[in-house]
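Produce the entire structure from the sequences given, and follow the hints as far as they go.
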Amino acid sequence: MGLDPSLLLDTFGVMAFRLDDDLRVREAQGTQGPPFMGEDIRETMPVLYGLEDALAAPDVDLAMPFIQTGRDNDEPMALRVRRDPATGDLWVLCRDVSEESAIHRELVQKHNSLSLAQAALVKARDAAQEADRTKTAFLANVSHELRTPLHVIIGGAAILSRTGAKRLTPDEVPGYADDIHESGVLLLQLVDDLIDLSRSETGDLTIYEEPCDLRAIVSGIVSLSRELPEARGTRIAATLPDGPVPMLADARRIKQVLLNLLSNAVKAVAGRTDAAILFEIDPDGPVLTVSDNGPGMTAAELEIARKPFGQPRAAVRAKGAGLGLAIVHRLVDLHGGRVEIETAPNEGLTARIVFAAPSRPPVPTG
Amino acid sequence: MSAKTYKIVVLGDFGVGKTSLIRRYVLDEFSEVYRATIGVHLYKHTDALAATALPVNLVVWDIEGAPLPSEQTRRYIVGASGALIVGDATRADPFSAMWEAADMFEDVLPGRPLCLALNKSDLGTEAHPETVNRMTRRYDCPAFGTSALTGDGVTPAFRALARSILSLGL
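Here the protein sequences come in this chain order: Y and V.
For the first sequence, the working numbering puts the final residue at 458, and the numbers step up evenly by one.
For the second sequence, the working numbering puts the final residue at 177, and the numbers step up evenly by one.
Check the hints yourself; a few may be wrong.
Claimed, not checked - Heads up, simulated DMTMM-like pairs for lysine to aspartate or glutamate below, C-alpha to C-alpha not over 20 Å straight-line:
# : chain 1 : residue 1 : chain 2 : residue 2
1 : V       : K11       : Y       : E372
2 : Y       : K347      : Y       : E372
3 : Y       : K215      : V       : D129
In short, the hints are calculated from the structure, not lab data.
Put into structure tokens, the structure is as follows:
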């Protein structure tokens, strides 16, 4: 009576298969199948797919220490494929390596988990350091932006309060009063922007969407811009649809977006004899575009301008804290839209606000 | 005569999501629990690359991850028709291990197609377009942003690789 085929597997966890040239099982030791006699062993051991050329070699000797198959993590096996040097027969030898595999897995799992945790810690540390640098730079920028108008206010007030021989003449008073007023307005704007920026960082910047008419909003801003003293000499034009452009939006925040873009454009074109700013609405989308023929920016300068307090070279001489574009991005994000900016040196700048298409048509207003 | 079965290997550093990508592709499932792959884990899968095309039989080899391919990895990839090279898009440097794996694969199996997968794209990717372009030009292969969590890009990446294999008549 021969050896019980299951004995090898049960005792030592070993199976062996002798194969013919077509990789069909001709002899099995240690198992009663599968794979069964005459079957293509690759159907049961897909690990052998792709290895046909290697298996045909006279000196084939393949070793794979841990192999699992299937969705439910079948028992891991070690595989050895060798040709019997005496007979030339091809043998596939398999061994159950569940125990070794469990130990190995625990080690690898611990090593990998530790490495991944360490990498996550390094990343978190770098982010914290970057945040700290940003905070320091932010405070320095805020301090700088506050000091300039405060100096004007304090100095102007001191001059206005002079008495005796140094007292201002009635003609000189309005000039200093205007400077103090302008600096106060600048400070208020800066504080408002900082509050918006801070709220957007904490997720507290909210919008109140309601049906509104984008055309009416833009039209109002265009009329206002033509009255601005700093826009004097700038040709401000608008290409608007004939009818209303209904959308769901926070009209006050859209006006803020437009005023920030307008403010940047006015600063960009200042001093040009052909200064021009164009507002456009494409009602499909809808898409709102503000273009200027200023000096434009390089890609690197644009990256700077997008960040809070970013002051690219082209805007260095301009007034402003460099918060406008950052706030535009955040407000448009809140509306589910996106800001696209096209610019290049000496080619002006075009800011496109692409609003999200409404899921349902808003009720036209006005 | 039965249809040919193609061996595809999935390579890359550990923890980049190779197993998750395969299980999303083959089993359409995802687990948040990290379980290291030991040696290789094989998945048989039949996929129809197009509605009109015949299904293609694949054996996908999920190979134990490492920043540098080992000698054992070189032995594992013998006979592969193509490779999916996976990186973690959220890492500061997802590419070092990808270059290593791709170079090793090309060294062992020159001319066999590759496909790149920058995984975990749902977690917000670092911007690396120049490096991705450099890799796709170097290996003449496509690249996909993938998310095993959402499934985005996963099937397209595997199918692109399978199409490359079929088009080369491997």
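The hints, checked one at a time:
1. Restraint check for K11(V) and E372(Y): the C-alpha separation of about 59 Å exceeds 20 Å, so the hint is violated.
2. With a C-alpha separation of about 15 Å, the suggested pair K347(Y) and E372(Y) falls inside the 20 Å cut-off, and the hint holds.
3. A distance of roughly 18 Å separates the Cα atoms of K215(Y) and D129(V); the hinted pair therefore holds under the 20 Å criterion.
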